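Trainee: Chains as they are written, first to last, in this note's numbering: chain A, 4 to 692; chain B, 4 to 692.
Mixed in with the good hints there might be a few duds.
One copy or two, it doesn't matter: identical chains are merged, so the pair holds either way.
As the list claims (entries may be wrong) - Below, a list of computed lysine to aspartate or glutamate pairs in the DMTMM-like style, where the Cα atoms sit at most 20 Å apart:
no., residue 1, residue 2
1, Lys313, Asp595
2, Lys470, Glu219
3, Lys470, Asp410
4, Lys589, Glu307
5, Lys573, Asp436
None of these hints come from the bench; they were simulated from the model. Just so it is clear, the structure is predicted and the values come from calculations on it, not from any experiment.
Protein chains: 2
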Amino acid sequence: MRSFFRKSLALSVVFSAIAAVKFPAESRADEGMWLFNSVPKSQLKSNHQFEPTQEWLDHLMLSSVRFNSGGSASFVSSQGLVLTNHHVASDTLYKLSTPENNYNENGFLAATQAEEIKTPDLELNQLISIEDVTSKVNEAVKSNMTAQEAAKARQAKMAAIEKESLDASGLRSDVVTLFGGGRYHLYRYKKYTDVRLVWAPEAKTAFFGGDADNFEYPRYCLDVTLFRVYENGKPAQIDHFLKMDPKGAREQDLVFVSGNPGRTRRIFTHDAIEFQRDIALPRTMNLLRRREVLMQQYGLAGPEQQRRSKDDLFGIQNSRKASTGILLGIQDPSFTANKKKQEAELIQSLSKDPKLAPLAKAWDQIRDAQVKRKEYLTKGASLRSQLYAKAEMLNLMASEDRKASGDRLREFRDSNRESLEQTLFSKAPIYEDLERVVLADELSRLIDDRGANDPLVVAALAGKNPKQRATELVAGTKLIDVEERRKIAAAGTQAISESKDPLIVLARSLESEYRRVREATESIEEQERQAYAKVTEAKFAVGGDSVYPDATFTLRLAYGKVLGYETEGKSFPAQTTLGGAFEHEKLHLTKDPWVLPTSWHAARDKMNSDTPFNFVCTADIIGGNSGSPVVSRDGAMVGIIFDGNIESLTADYYYTDNVSRAVAVHIAGVLESLRTIYGASHLADEMGR
Amino acid sequence: MRSFFRKSLALSVVFSAIAAVKFPAESRADEGMWLFNSVPKSQLKSNHQFEPTQEWLDHLMLSSVRFNSGGSASFVSSQGLVLTNHHVASDTLYKLSTPENNYNENGFLAATQAEEIKTPDLELNQLISIEDVTSKVNEAVKSNMTAQEAAKARQAKMAAIEKESLDASGLRSDVVTLFGGGRYHLYRYKKYTDVRLVWAPEAKTAFFGGDADNFEYPRYCLDVTLFRVYENGKPAQIDHFLKMDPKGAREQDLVFVSGNPGRTRRIFTHDAIEFQRDIALPRTMNLLRRREVLMQQYGLAGPEQQRRSKDDLFGIQNSRKASTGILLGIQDPSFTANKKKQEAELIQSLSKDPKLAPLAKAWDQIRDAQVKRKEYLTKGASLRSQLYAKAEMLNLMASEDRKASGDRLREFRDSNRESLEQTLFSKAPIYEDLERVVLADELSRLIDDRGANDPLVVAALAGKNPKQRATELVAGTKLIDVEERRKIAAAGTQAISESKDPLIVLARSLESEYRRVREATESIEEQERQAYAKVTEAKFAVGGDSVYPDATFTLRLAYGKVLGYETEGKSFPAQTTLGGAFEHEKLHLTKDPWVLPTSWHAARDKMNSDTPFNFVCTADIIGGNSGSPVVSRDGAMVGIIFDGNIESLTADYYYTDNVSRAVAVHIAGVLESLRTIYGASHLADEMGR
């Protein structure tokens, strides 16, 4: 379910449809989510008189952290302190919470290291190296292969490269598909799986202004949380961590953002965009609104239900609001007209060179792929519930583990086993009543998608209505128990195949259709990969190497200026202050969601009200960048990204720096609040050391 | 827009999927929404030892009132007092409210008749007579006509019958299509258009428990409001009004419900049900959730926005919750299996009689109609906004008024002109900011439905994105002003055709597609009408005359027992009390929406806590019945319908009395609260006199 409603994809930035017309390319000076092995040095030098050294880049890369659950972060002390957003941490805070201790709402502070709480299933990644393996991966694909054969051969090759790297280095090794298939790079990560909660503020300040203020500016949010990574039961010793620069991030300062943007679609051809605009995104939004209303209804039952559903609800509302902005942007006729024009010009350029001309076929291949995508859009044979996801994973595992690693579905490859088990055996609570509600709705959704007479649906319902069937499934399954999952997995493929657990039986009955659809989808993706490889070749040929790939939830470097902006006659300052939070509260009559926690009111006289709190900059970011460190020319930390303004929501497809802004918590605000509000001077002192 | 989200269709009752299997036909003794000219006398006699006289029936019919905005009511005094639900009145309360006087939230009491407030656009109907005109209507249709020709001929004939009746009687005259086309009856109504608000309680008690308690039981809601009808500036003198029986409605009592159920689909063949289940209802729910989330987001902006959107939001949530229940019911495989079996048996019976055998073709015709329906489902060429609805009406009027009455689109027929103008020239406020939001979303929805490259969509957007376009349209139109609408309409067809108002221009550009789709849809409806006429003939032939037609928002008589019930091991009492409301509040920690108004707390010691407040009965009702009087054997009022429990939500397709219940406000609770809480003894005294 997280992959569907991933918060990492929710924070979405950068393209205003109006600006696309008004502002020519040359004004988009700070565009780009650059690979750390391909930084635009000449651009940085000419626009910002800055020349990063390799040492500067390596230090920033090694200080950066990825939350595999969907977000970014950084090391901020030699003793393993990790700083990320509260909304990146909230998934974990929610899993740690109980009816008695609601850490997500009320916050948490470990007075000593002994009090730091171990989290159930976090995996943090530190990127160690990048290697170009494009030719190795492409070698596996022969020209006479069908798309389906090519997808399998390519996947087997990638799994082999990863396994070889894992065995040689002991590091998590992922082959990343860049430029939609134009390049393949091998990313090696050090993994941290013993991650403990150190400090979190109250949700009231982390998400001050709630859904109403989300994607808005000015903001006054302490959207931060501290974790600590451990190795062998002790705080990990970290060589590369960020120094603090609380004075930095002043208007006009050049700043850098190092994080993991989740997904952009800037390479998309206009056919692919039209498919998103007219088919895919409207469907996604229907599903998001469906789940939003479902969670709201579930939460009406009482405060405990509200607690159980709040984190999901917040993630869903976040995605829904982001998607609304993205859709509005690509629904602008001038955007698609502009895109078409650019494509026509590119294809025209290609036609002048007989060697390049055949690349133009790529656009037809992508158009064709969209037709196929449409056909499979409602044909998924899976259910988006936590319990079903476990059942499906266990059931697939039974047959996948009989195959060689390279032949398996990608998530079952040997090099990913540890991460897979981290998810499968997570101790995070699963609530039966919530699962009943979600499963019933998912079964109902299956009917919507396929019609109730579809044999797969008939089998899934087993003669019951969705509600009755969900009740029966949840009552009958034992998968809610982690030990039961371990037992089933450990018992091996034969035992899984013979399991009588009703959810595993259900997953088994959907399996063949699930595999058929997945295979078809992966073939379509391969067709697109091959086509986008050509589009990339064409862009490199015509545009030179000042090209960055679409976001892939891997580490990127973005940069820009700290800069206020004006829109609709209103002007927005580059920074806000701690004191401003109280004014903002007053302006909204201290009504939910504009109620600061009591800790803030108690500390009001102690704090320096003029301390910078939130700020905006022009860096090119998107969902997944949440929690990214913002650093100065000196590589010291000046802030932490937590949002993009509403104008930036279409960054998925286009960047502009007209009024689009990334929104960050100022590090000075973090340090001041730790000291004066949270009685955590020891943490403030540790940061940067 | 009201027709899309009609509250009258929201209150939906009666069929539990489980019960359908467990309980055979003979236990559904109290099934039926009976025509007043075809009451099941033998059934009433044998099951309840009750024989209504014609006088009894006429008095109840003439005491019943229909709210054309979507609900039911009754005359309760000789001086024109009309009692209905607060949630039927809320549309009007909302229209009368201002930021300063929020009658919907805070209630209203006219101390004297002079203080009673005139409502902007209510039309109340009192049914005077019913006449069977089936043969007249069918005469117009010749066997060699296409469906399209037949639809037009039938419509022209109906308009002529209505016009003739209007001219002869001066009464509103509607030809009502019954049994999906099996019968046509002419209904004559006395209209009341000078309707004044007398008393409304606070929303907090009328909708105590909010969306969470909606469709639940036990309930504690004072969901009532009093209006008064005027004629010639004075309270109308009413001959037929209900006496009060505050002692009535005790457990096991036989009670009658006289009201206007909005729509049921019990005649639907399984193909039509499958179309609803797999296609139509899922789409409706997507649209409802879309509007629900949109209104919630709009309301986040502040208390005034919340006030402006609250009534719509409530109606939408009500419909969404009802639709969820309906869908769940028809998603039950045993329901459709049962339906198929019954159909097969009926067709089998027909095949034995050569005269009846050809009727079986009807099922094929209905199946074929569903395929056509699907094709047109997303092809509507209209926008669900208040301003656009006015523009569309004015624009169509321009050409329709050039035609003979019988040839016009149905709503423009002469006999309906007064009602049409009541809507078109309503002084109800239209809020520009809300219209911008709604219109932008509707334009975006048009893209979802047709794709942005559809020529109609391209024309509608005029090169802008939906938000920009909506802003431009609302800024440019003058239709928000009632006088402007009057002026345009009065200037005649030529002036309308030449209007430069951007919304009228937009309506004009969508007009030809609107007409094409409407004509196609009306042809499909005619095809279904002819088929359902055959299905009805088959049912009469096989089942005798103990058959009632599906609901058509016309007056029906239902009956049943006041009866508690048990489900899932819990037992639900037949009645609740005023005192129980305070306990219910306490049980929910006095948190919104379980907060009784201060007037209740202030009057707590004065009131008799044991007074019956809400009760349940087995009568067969559905949305539109809201506000229906519940009367005793003596024809005296014992309560007023306001809801159905969650188990009753599938009444759209099926009735059962297992645990499905209609929920009513007890008249004793109404009278006691008028006297002790609202200081309105004069109204309590007037009621029944």
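Trainee: Hints first: check each against the structure and report whether it holds.
Mentor: Hint-by-hint comparison with the structure:
Taking identical chains as interchangeable, the C-alpha atoms of Lys313 and Asp595 lie at most 20 Å apart whether they share a chain (15 Å) or sit on different chains (18 Å). For a Cα distance limit of 20 Å, the shortest separation of Lys470 from Glu219 across copies, 17 Å, qualifies, whereas the shortest one inside one copy, 39 Å, does not. For the identical chains of this complex, Lys470 and Asp410 are neighbours neither inside a copy (38 Å) nor across copies (49 Å), given an alpha-carbon limit of 20 Å. In this assembly of identical chains, the alpha carbons of Lys589 and Glu307 lie at most 20 Å apart only when taken from different copies (17 Å versus 29 Å within one copy).
In this homomeric assembly, Lys573 and Asp436 come within 20 Å of each other (Cα to Cα) only across copies, at 18 Å, whereas the closest approach inside a single copy is 47 Å.
In this structure, only the earlier hint numbered 3 is contradicted, and the remaining ones agree with it.
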